[in-house]
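Keeping their order, the protein sequence lines are chains A and B. So that you can map any letter, position 139 of the first sequence is 139 in the numbering used here, and since no number is skipped, the others follow by simple counting. So that you can map any letter, position 117 of the second sequence is 117 in the numbering used here, and since no number is skipped, the others follow by simple counting.
Everything labelled a hint here was simulated from the structure, so no lab data went into it. Each residue gets a CB set at the ideal place from its N, CA and C atoms; glycine is no exception. Mixed in with the good hints there might be a few duds.
Unchecked claim - Pulled from the structure, derived: some chain B residues nowhere near chain A, Cβ distances all over 12 Å:
| # | residue |
| --- | --- |
| 1 | PHE13 |
| 2 | ALA16 |
| 3 | ASP38 |
| 4 | VAL40 |
| 5 | LYS44 |
| 6 | HIS68 |
| 7 | ILE79 |
| 8 | VAL103 |
Stated by the list, open to error - Restraint-style ranges between C-beta atoms, simulated for each label pair:
| # | chain 1 | residue 1 | chain 2 | residue 2 | range |
| --- | --- | --- | --- | --- | --- |
| 9 | A | THR37 | B | GLY2 | 54 to 60 Å |
| 10 | B | PRO58 | A | ILE126 | 19 to 25 Å |
| 11 | B | ASN75 | A | SER114 | 31 to 37 Å |
| 12 | B | GLN87 | A | ASP155 | 19 to 25 Å |
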Amino acid sequence: MKVEYVNPFIESASEVIEEIANMKSQRGQLSMKDPNTPFRDVCAILGVIGTVKGQVIYGFDEPTAKGIVSRMMMGAEVPEFDDMARSALGELGNIITGKASVSLETEGYPIEISPPTLVMAQNVRISSLKIPMIVVPLETEEGVIDIYIGLEESDKLS
Amino acid sequence: MGEKIMIVDDAAFMRATLKDVLVKGGYEVVCEAVNGKDAVDKYKIHNPDIVTMDITMPEMDGLEALKHICAADGNAKVIMCSAIGQQQNVLEAIKNGAKDFIVKPFKPERIIDALKKVAAG
């Protein structure tokens with residue numbers, strides 16, 4: 001996977017999190033995701049189609065997810081993951097990916113993104129993902145957000 | 001002020017956030033729609049003064065709903081409110097009758113400012 005597909009998501013995530021969750025984030029070490037290791041417990045999954053296609057997944061542990069949603073809702077307590085909380089996290093993924101898509105378009109890779117799907121479960125493995133994924137951890141005051149990016153040029157897949 | 005607004009967004013969180021901004025700004029939110037098709041149906045029933053319209057939604061997206069609403073009502077005032085601020089989307093929305101285009105994440109002032117301009121124009 002080309003690095004120019006990855007950077008827009010990291011930059012966008014950092015900017016969006018600062019703007020709507022009011023906290024700074026620090027990018028950690030990139031790595032390839034081992035297909036045999038599970039995702040984090042709460043995942044917002046977005047599909048990408050266009051000149052590049054694949055999936056982008058934002059993964060959180062539950063306390064991190066609740067902490068971020070609380071910040072998005074002006075500090076309201078999030079005792080459980082209800083519809084509103086799930087919707088907020090999906091929207092966070094949507095906004096980060098949307099902003100990244102503008103950067104990708106500027107770099108010559110126009111894409112479209114699907115509405116987010118939220119998966120909450122432990123030890124999640126997603127077997128339909130054939131594209132190797134890069135994992136970028138973003139460290140925040142609420143915990144680590146893992147951004148899993150699996151994108152390839154469309155003609156390689158079709 | 002006091003215009004009747006319809007909020008269209010598939011995300012409950014975003015509808016609640018927008019509603020809060022609009023109500024605090026003195027607007028009346030007459031209805032909320034969860035996708036483009038729902039928006040087209042509810043527009044006919046509630047006849048809002050201004051619509052805020054998300055783009056990426058299941059069933060029918062916001063650009064398609066915009067076309068339907070503007071075809072049914074030549075005076076419809078629709079403000080697009082989307083995370084996808086790609087040039088092509090913005091141009092297509094404006095070409096199809098949208099009065100403004102707000103990219104998420106938005107600041108409350110930007111929403112109120114857009115509503116004031118659209119209401120006046």
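Verification of the supplied hints:
1. PHE13: violated (4 Å)
2. ALA16: Violated: least Cβ distance 7 Å, not greater than 12 Å.
3. ASP38: holds (14 Å)
4. VAL40: holds (18 Å)
5. LYS44: The claim stands: B:LYS44 keeps its Cβ more than 12 Å from every Cβ of chain A (closest is about 24 Å).
6. HIS68: Label holds. Min Cβ-Cβ 19 Å, cutoff 12 Å.
7. ILE79: Answer for B:ILE79: holds, closest chain A Cβ roughly 17 Å.
8. VAL103: Label violated. Min Cβ-Cβ 8 Å, cutoff 12 Å.
9. A:THR37 with B:GLY2: 54 to 60 Å: holds (55 Å)
10. B:PRO58 with A:ILE126: 19 to 25 Å: holds (20 Å)
11. B:ASN75 with A:SER114: 31 to 37 Å: holds (33 Å)
12. B:GLN87 with A:ASP155: 19 to 25 Å: This hint holds: roughly 23 Å between Cβ atoms.
The structure fails to meet hints 1, 2, 8 from the earlier list, while all remaining hints are met.
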